[in-house]
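Numbering follows my numbering, with no gaps: position 42 of the sequence shown is 42.
Treat the hints as calculated values from the structure; they're not laboratory data. Errors might be hidden in some of the hints.
As the list claims (entries may be wrong) - Subject to a maximum C-alpha distance of 27 Å in a straight line, what follows is the list of computed DSSO-like cross-link-like pairs (lysine-lysine):
no., residue 1, residue 2
1, K51, K158
2, K60, K75
3, K51, K159
Claimed, not checked - Beta-carbon label-pair distances, calculated as ranges:
no., residue 1, residue 2, range
4, L145, K71, 17 to 23 Å
5, L172, T115, 33 to 39 Å
6, P7, N63, 23 to 29 Å
7, D93, S48, 45 to 51 Å
8, E160, S32, 37 to 43 Å
9, A42, E122, 39 to 45 Å
10, K134, N63, 38 to 44 Å
11, T24, K71, 38 to 44 Å
12, T24, N96, 54 to 60 Å
13, A150, S48, 37 to 43 Å
14, T90, G16, 42 to 48 Å
Note that the structure is predicted; figures quoted are calculated from it, not measured. Built from N, CA and C at the ideal position, the CB exists for glycine as well.
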Amino acid sequence: MKIYKLPQEKRNEVTGELKTITSTPDFIYVRSEEDLPAPFVASELPESYIKEQLDSQKAKRINDMNQICDKALEKLRSNTLGTPHLYNMTKEDQINLLGLMIAGVDSFFRCAEITLGVDGREEIGAMQNIPHNKEQLKTLYEDALKFKSATLFKCGQKKELIANAKDILEVLSVRWEDKKEENTPNHSEENTQIPPPATNEQTNQTAKTTPPEVEK
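With the hints as extra help, turn the sequences into a complete structure.
This is the structure:
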(Lines of atoms letter the chains of each structure in order from A and count residues from 1; the text may use other names and numbers.)
(Lines give C-alpha, C1' and ligand atoms only; values in the text may rest on other atoms or scores of the structure.)
Protein backbone atom coordinates (compact mmCIF):
# COMPACT_ATOMS: atom_id res chain seq x y z
CA MET A 1 0.00 0.00 0.00
CA LYS A 2 1.45 3.35 -1.08
CA ILE A 3 0.80 6.88 0.11
CA TYR A 4 0.34 9.74 -2.35
CA LYS A 5 -0.44 13.40 -2.00
CA LEU A 6 -2.50 15.44 -4.42
CA PRO A 7 -2.19 19.23 -4.50
CA GLN A 8 -5.49 20.81 -3.54
CA GLU A 9 -5.49 22.94 -6.69
CA LYS A 10 -5.26 19.77 -8.82
CA ARG A 11 -8.18 17.90 -7.24
CA ASN A 12 -10.58 18.82 -10.06
CA GLU A 13 -8.21 17.46 -12.68
CA VAL A 14 -8.82 13.82 -11.70
CA THR A 15 -11.91 11.66 -11.38
CA GLY A 16 -12.86 8.47 -9.63
CA GLU A 17 -12.66 7.37 -6.02
CA LEU A 18 -9.82 6.73 -3.59
CA LYS A 19 -9.85 6.52 0.18
CA THR A 20 -8.69 9.75 1.73
CA ILE A 21 -6.49 9.38 4.80
CA THR A 22 -6.15 13.02 5.76
CA SER A 23 -5.73 16.45 4.23
CA THR A 24 -3.99 19.76 4.83
CA PRO A 25 -4.62 23.17 3.29
CA ASP A 26 -2.11 22.26 0.57
CA PHE A 27 -2.54 18.52 -0.06
CA ILE A 28 -4.95 15.59 0.02
CA TYR A 29 -3.30 12.37 1.19
CA VAL A 30 -4.60 9.10 -0.27
CA ARG A 31 -3.74 5.42 -0.10
CA SER A 32 -3.46 3.20 -3.17
CA GLU A 33 -2.34 -0.33 -3.99
CA GLU A 34 -1.39 0.77 -7.49
CA ASP A 35 1.10 3.30 -8.78
CA LEU A 36 -0.55 6.64 -9.46
CA PRO A 37 0.73 9.05 -12.15
CA ALA A 38 0.86 12.84 -11.96
CA PRO A 39 -0.59 14.97 -10.52
CA PHE A 40 -0.22 12.47 -7.65
CA VAL A 41 3.13 12.56 -5.86
CA ALA A 42 4.54 9.68 -3.79
CA SER A 43 4.72 10.87 -0.23
CA GLU A 44 4.79 10.13 3.47
CA LEU A 45 1.98 11.10 5.78
CA PRO A 46 2.39 14.56 7.32
CA GLU A 47 4.19 14.67 10.66
CA SER A 48 1.22 16.40 12.29
CA TYR A 49 -1.06 13.52 11.34
CA ILE A 50 1.42 10.87 12.53
CA LYS A 51 1.79 12.67 15.88
CA GLU A 52 -1.99 12.98 16.25
CA GLN A 53 -2.45 9.24 15.67
CA LEU A 54 0.41 8.37 18.02
CA ASP A 55 -0.96 10.58 20.80
CA SER A 56 -4.42 9.07 20.34
CA GLN A 57 -3.10 5.50 20.61
CA LYS A 58 -1.02 6.44 23.66
CA ALA A 59 -4.06 7.88 25.44
CA LYS A 60 -6.14 4.80 24.64
CA ARG A 61 -3.44 2.36 25.73
CA ILE A 62 -2.79 4.22 28.98
CA ASN A 63 -6.51 4.08 29.71
CA ASP A 64 -6.42 0.33 28.96
CA MET A 65 -3.59 -0.09 31.48
CA ASN A 66 -5.53 1.79 34.15
CA GLN A 67 -8.55 -0.47 33.65
CA ILE A 68 -6.46 -3.65 33.70
CA CYS A 69 -4.71 -2.45 36.85
CA ASP A 70 -8.03 -1.77 38.57
CA LYS A 71 -9.23 -5.26 37.66
CA ALA A 72 -5.99 -6.87 38.88
CA LEU A 73 -6.33 -5.16 42.25
CA GLU A 74 -9.68 -6.86 42.83
CA LYS A 75 -8.00 -10.24 43.37
CA LEU A 76 -5.30 -11.11 45.91
CA ARG A 77 -3.29 -14.27 46.34
CA SER A 78 -2.14 -14.95 49.91
CA ASN A 79 -0.71 -17.79 51.97
CA THR A 80 -2.00 -16.42 55.26
CA LEU A 81 -3.92 -19.68 55.88
CA GLY A 82 -0.79 -21.74 55.27
CA THR A 83 -1.68 -22.66 51.69
CA PRO A 84 -2.39 -20.46 48.64
CA HIS A 85 -5.85 -18.88 48.57
CA LEU A 86 -7.42 -16.30 46.28
CA TYR A 87 -9.26 -13.38 47.89
CA ASN A 88 -11.71 -10.85 46.52
CA MET A 89 -10.24 -7.40 47.10
CA THR A 90 -12.77 -4.89 45.84
CA LYS A 91 -12.86 -1.55 47.64
CA GLU A 92 -15.63 -2.88 49.87
CA ASP A 93 -13.56 -5.96 50.73
CA GLN A 94 -10.56 -3.77 51.54
CA ILE A 95 -12.65 -1.64 53.89
CA ASN A 96 -14.04 -4.73 55.63
CA LEU A 97 -10.55 -6.19 56.02
CA LEU A 98 -9.21 -2.92 57.43
CA GLY A 99 -12.05 -2.81 59.96
CA LEU A 100 -11.39 -6.38 61.11
CA MET A 101 -7.66 -5.77 61.35
CA ILE A 102 -8.14 -2.61 63.44
CA ALA A 103 -10.68 -4.35 65.69
CA GLY A 104 -8.22 -7.20 66.28
CA VAL A 105 -10.87 -9.91 66.21
CA ASP A 106 -11.22 -13.34 64.62
CA SER A 107 -13.67 -13.46 61.72
CA PHE A 108 -14.78 -15.24 58.58
CA PHE A 109 -13.43 -13.91 55.27
CA ARG A 110 -14.29 -15.03 51.74
CA CYS A 111 -11.59 -16.78 49.74
CA ALA A 112 -11.00 -19.75 47.44
CA GLU A 113 -8.33 -22.42 47.77
CA ILE A 114 -5.76 -22.69 44.98
CA THR A 115 -4.68 -26.26 44.22
CA LEU A 116 -2.74 -28.09 41.52
CA GLY A 117 -4.80 -30.03 39.01
CA VAL A 118 -3.89 -33.37 37.47
CA ASP A 119 -2.26 -31.55 34.57
CA GLY A 120 -0.05 -29.55 36.93
CA ARG A 121 -1.95 -26.33 36.42
CA GLU A 122 -3.39 -24.32 39.27
CA GLU A 123 -7.12 -24.59 39.87
CA ILE A 124 -9.22 -22.18 41.89
CA GLY A 125 -11.97 -23.57 44.10
CA ALA A 126 -15.29 -21.98 44.99
CA MET A 127 -15.36 -18.80 47.04
CA GLN A 128 -16.54 -19.47 50.58
CA ASN A 129 -16.44 -17.89 54.05
CA ILE A 130 -13.44 -19.39 55.86
CA PRO A 131 -12.55 -18.57 59.49
CA HIS A 132 -9.42 -16.46 60.04
CA ASN A 133 -7.88 -15.56 63.35
CA LYS A 134 -6.75 -12.00 63.99
CA GLU A 135 -3.11 -12.78 63.16
CA GLN A 136 -4.12 -14.27 59.82
CA LEU A 137 -6.25 -11.22 59.06
CA LYS A 138 -3.32 -8.95 59.92
CA THR A 139 -1.05 -10.91 57.59
CA LEU A 140 -3.71 -10.79 54.89
CA TYR A 141 -3.95 -7.01 55.25
CA GLU A 142 -0.16 -6.68 54.96
CA ASP A 143 -0.19 -8.91 51.88
CA ALA A 144 -2.90 -6.73 50.37
CA LEU A 145 -0.88 -3.55 50.93
CA LYS A 146 2.24 -5.08 49.39
CA PHE A 147 0.31 -6.38 46.38
CA LYS A 148 -1.44 -3.07 45.82
CA SER A 149 1.84 -1.17 45.99
CA ALA A 150 3.55 -3.57 43.56
CA THR A 151 0.61 -3.53 41.13
CA LEU A 152 0.40 0.27 41.07
CA PHE A 153 4.16 0.45 40.53
CA LYS A 154 3.86 -1.99 37.63
CA CYS A 155 1.05 0.07 36.12
CA GLY A 156 3.19 3.20 36.36
CA GLN A 157 6.06 1.47 34.58
CA LYS A 158 3.79 0.31 31.75
CA LYS A 159 2.33 3.78 31.29
CA GLU A 160 5.82 5.30 31.23
CA LEU A 161 6.83 2.89 28.46
CA ILE A 162 3.74 3.90 26.49
CA ALA A 163 4.35 7.61 27.02
CA ASN A 164 7.95 7.27 25.77
CA ALA A 165 7.07 5.13 22.72
CA LYS A 166 8.32 6.49 19.41
CA ASP A 167 5.68 4.95 17.17
CA ILE A 168 2.32 3.15 17.27
CA LEU A 169 3.84 -0.34 16.97
CA GLU A 170 5.94 0.37 20.06
CA VAL A 171 2.81 1.54 21.89
CA LEU A 172 0.94 -1.63 20.99
CA SER A 173 3.88 -3.82 22.04
CA VAL A 174 3.44 -2.79 25.68
CA ARG A 175 1.42 -5.52 27.37
CA TRP A 176 0.31 -5.86 30.98
CA GLU A 177 1.34 -9.50 31.22
CA ASP A 178 4.84 -10.79 30.79
CA LYS A 179 4.79 -14.26 29.23
CA LYS A 180 5.89 -15.92 32.47
CA GLU A 181 3.00 -14.22 34.32
CA GLU A 182 0.17 -15.25 32.00
CA ASN A 183 -2.68 -17.38 33.32
CA THR A 184 -1.70 -17.10 36.99
CA PRO A 185 -4.48 -16.37 39.51
CA ASN A 186 -2.99 -13.10 40.73
CA HIS A 187 -2.86 -11.47 37.32
CA SER A 188 -5.54 -10.03 35.13
CA GLU A 189 -5.33 -11.09 31.49
CA GLU A 190 -6.06 -8.68 28.70
CA ASN A 191 -9.14 -10.20 27.14
CA THR A 192 -9.67 -7.64 24.43
CA GLN A 193 -7.60 -7.70 21.28
CA ILE A 194 -5.30 -4.79 20.70
CA PRO A 195 -6.64 -2.76 17.79
CA PRO A 196 -4.41 -2.06 14.81
CA PRO A 197 -2.90 1.41 14.48
CA ALA A 198 -5.60 3.94 13.70
CA THR A 199 -5.48 5.47 10.24
CA ASN A 200 -8.50 7.77 10.35
CA GLU A 201 -9.34 6.69 6.83
CA GLN A 202 -12.51 8.43 5.81
CA THR A 203 -14.20 5.29 4.52
CA ASN A 204 -17.56 6.96 4.20
CA GLN A 205 -16.19 10.04 2.45
CA THR A 206 -14.42 9.32 -0.82
CA ALA A 207 -12.61 11.92 -2.82
CA LYS A 208 -12.76 12.05 -6.58
CA THR A 209 -9.06 11.49 -6.94
CA THR A 210 -8.54 8.48 -9.21
CA PRO A 211 -6.37 9.55 -12.15
CA PRO A 212 -7.76 9.42 -15.68
CA GLU A 213 -7.01 6.27 -17.60
CA VAL A 214 -3.79 6.35 -19.56
CA GLU A 215 -2.87 4.30 -22.60
CA LYS A 216 -0.45 1.45 -21.91
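Against the structure, the hints come out as follows:
1. K51 - K158: Holds - the C-alpha atoms of K158 and K51 are around 20 Å apart, at most 27 Å.
2. K60 - K75: holds (24 Å)
3. K51 - K159: holds (18 Å)
4. L145 - K71: 17 to 23 Å: holds (19 Å)
5. L172 - T115: 33 to 39 Å: holds (36 Å)
6. P7 - N63: 23 to 29 Å: Once the Cβ atoms are compared, 38 Å apart, the range 23 to 29 Å for N63 and P7 is violated.
7. D93 - S48: 45 to 51 Å: The hinted range 45 to 51 Å holds for D93 and S48, with Cβ atoms some 47 Å apart.
8. E160 - S32: 37 to 43 Å: holds (38 Å)
9. A42 - E122: 39 to 45 Å: Cβ of A42 to Cβ of E122: about 55 Å, so the range 39 to 45 Å is violated.
10. K134 - N63: 38 to 44 Å: holds (40 Å)
11. T24 - K71: 38 to 44 Å: Holds: the Cβ-Cβ distance is about 41 Å, inside 38 to 44 Å.
12. T24 - N96: 54 to 60 Å: holds (58 Å)
13. A150 - S48: 37 to 43 Å: Since the Cβ atoms of A150 and S48 sit about 39 Å apart, the hinted range of 37 to 43 Å holds.
14. T90 - G16: 42 to 48 Å: For T90 and G16 the Cβ distance comes to about 57 Å; the hint is violated.
Hint compliance for this structure: hints 6, 9 and 14 are broken, all remaining hints hold.
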